[in-house]
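**Q** Here's the letter readout for the chains.
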Amino acid sequence: MKESVVAYTLSKCVKCMKCIRACPVSAISMENNRIIVNHERCTNCGKCIEACHNQGLVAQGSTLVDIANYDYTVCLVPPALSSVCQSRENAEDLFNAVKLLGFDEVIDLSPYYAKVLQESMAYRPVQKPAIVSMCPVINRLVKTKYQILIDHLIPMNYPAETAAREIREAYAARGNVGIFNLCECPSRLSHAKYPYGNTGSEIDHALSIADIFPMIRTNLGKGRIPVTFCRDGFAAMDAAMLSEHDKVLAADGYDKVENVLDLAEFGRLKEFDLLYLFPCFNGCSGGQLLIGNSYLNHLNLQKLVRESSAETKQIDDRYLWRDGFMAEEDQRSFTEKMSFFSKVNEVLEQLPGYDCSACGMRTCRIMAEEIVNGNRSLGDCHILNSGTREETK
Amino acid sequence: MTVLLHEEFVVTRGDYKNAGSVSSAIKDKLRTIGIDAKILRRISIACYEAEINMLIHAWGGLITMDVSDDGTVRFVFKDPGPGIPDLDDAMTPGFSTASDDAREMGFGAGMGLPNIRKVSDDFDIQSSPEGTTITLGFHL
Ligand code: SF4
Ligand code: SF4
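The listed protein sequences derive, respectively, from chains A and B. Under the numbering used here, the first sequence has 351 at position 305, and the numbering climbs by one with no breaks. Under the numbering used here, the second sequence has 113 at position 109, and the numbering climbs by one with no breaks.
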């Protein structure tokens, strides 16, 4: 069973079902008065966490105590965290503050993001348009829902993963090296903690920026570590800047992204070379675990682009590329699929069709599937039970 | 051969705003059943092109989908006119008669009919001034 970082606390949950309704892939349900996350379906988009106002669901990262277990520790800082800074000086102060948490070294990921952008631009796909592989949510979404487009994904590692692989080899002589990654969103946190796909992750611990930032803040103003940001690394996170490139379609925001994927499935976007998609509004600088306002972060990003260097870093191909993506195949025969579908439709006819989630399922269809699977019965439908449907008819 | 699932969808004339919504609904339905992605890709492309054709060249129309127990999906796209004046021209890649307003909205590159024929397993088209009927078959 795959796991995800979406963690549930029963005592904080008021059973409002907001998370169930918020999940775009119907991965959440309520069973025996508890929220259950179906990790096979979950894309770690974080919509449920956003919807919960009671801390019932949170993104759970590692803690800093793990630093003590290693001979040498490095902390990977994503460009999204730098985007909370208004200038390069502020960012250098921030890097120092991160190091003071107890790390031996702090590494800026902007060159790795830049590399994803440059390699994606040069990529010649079998199927146009290619889909940039930089966000774990997009990869999961394509693998589970938009399976038609699997061959379109560029088989590249995430920037933090590429960096971790490179560091692991380069620092082999330093003993037991601990690689920590500050994460701006639940999906990156999840990739590092529970990597899905064919290979594991070289990242040892994923830290939630939201958890760690209060500690970082107390270290601000105590010095600076010089950082040479890589310009393309910031440009690679911003839909507006990316759209300036010819033949690139960049979109941010979950609905827009689904719209674009839908059109791509119809074969309608062949005139584009690349799809650069961010499920978060304002791209990675709108990451859910970041502090600050995503609009302001986004402005900072543009400022940082001007203060960064155009130089790029050499990164070996063996860290950068990964095996292709595999679809999660449905093993049932056509007859089995159709008979299940027909049974579900029969049950669906009897349900009210309000998609009210009161039963603990996101939609009546999901409920019907559960009934056919024998996990629920028609009697679990609150509307049918209360007779409301008859009255409204 | 028994029909396991029969669905009908209406395409409304000139409703550019919802262009593709029927194809999306069809795609979602087949995805829910669990149809293989490779075939779903071809079905999606064909339905979208045919739906857009109804919208910009014809006065809307009706789309029916039948999934049968022998593993075939059959689509009928039926519009009430005005018909295709020269079918041979229309079947030539790149030939387009899309109106200016449709072109402005990005439709009408002229790949419609040849594309539909290319991706479908069975293809038939009948056209007269009373309307056009396209029948498509896919083997799952
Ligand atoms: S949103 Fe979900 S987890 Fe949060 S209180 Fe409501 S039911 Fe509980
Ligand atoms: S993280 Fe996203 S996909 Fe996962 S359960 Fe929450 S809303 Fe659903």
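Derived by calculation from the structure, the hints in this document are not laboratory data. Careful: at least some of the hints might be erroneous.
[What the hints assert, rightly or not] Pairwise CB distance ranges, derived in the manner of DEER restraints:
id	chain 1	residue 1	chain 2	residue 2	range
1	B	Pro133	A	Gln348	26 to 34 Å
2	B	Lys82	A	Ser57	57 to 65 Å
3	B	Gly85	A	Gly433	27 to 35 Å
4	B	Tyr20	A	Tyr400	56 to 64 Å
[Claimed, not checked] Derived PhoX-like pairs (lysine-lysine); straight-line CA-CA distance at most 25 Å:
id	chain 1	residue 1	chain 2	residue 2
5	A	Lys174	B	Lys122
6	A	Lys145	A	Lys268
7	B	Lys42	A	Lys383
Where is the CB? At the ideal position from N, CA and C, for every residue including glycine.
**Q** Which hints from the list above does the structure break, by number from lowest to highest?
**A** Violated hints: 1, 3 and 4; rest satisfied.
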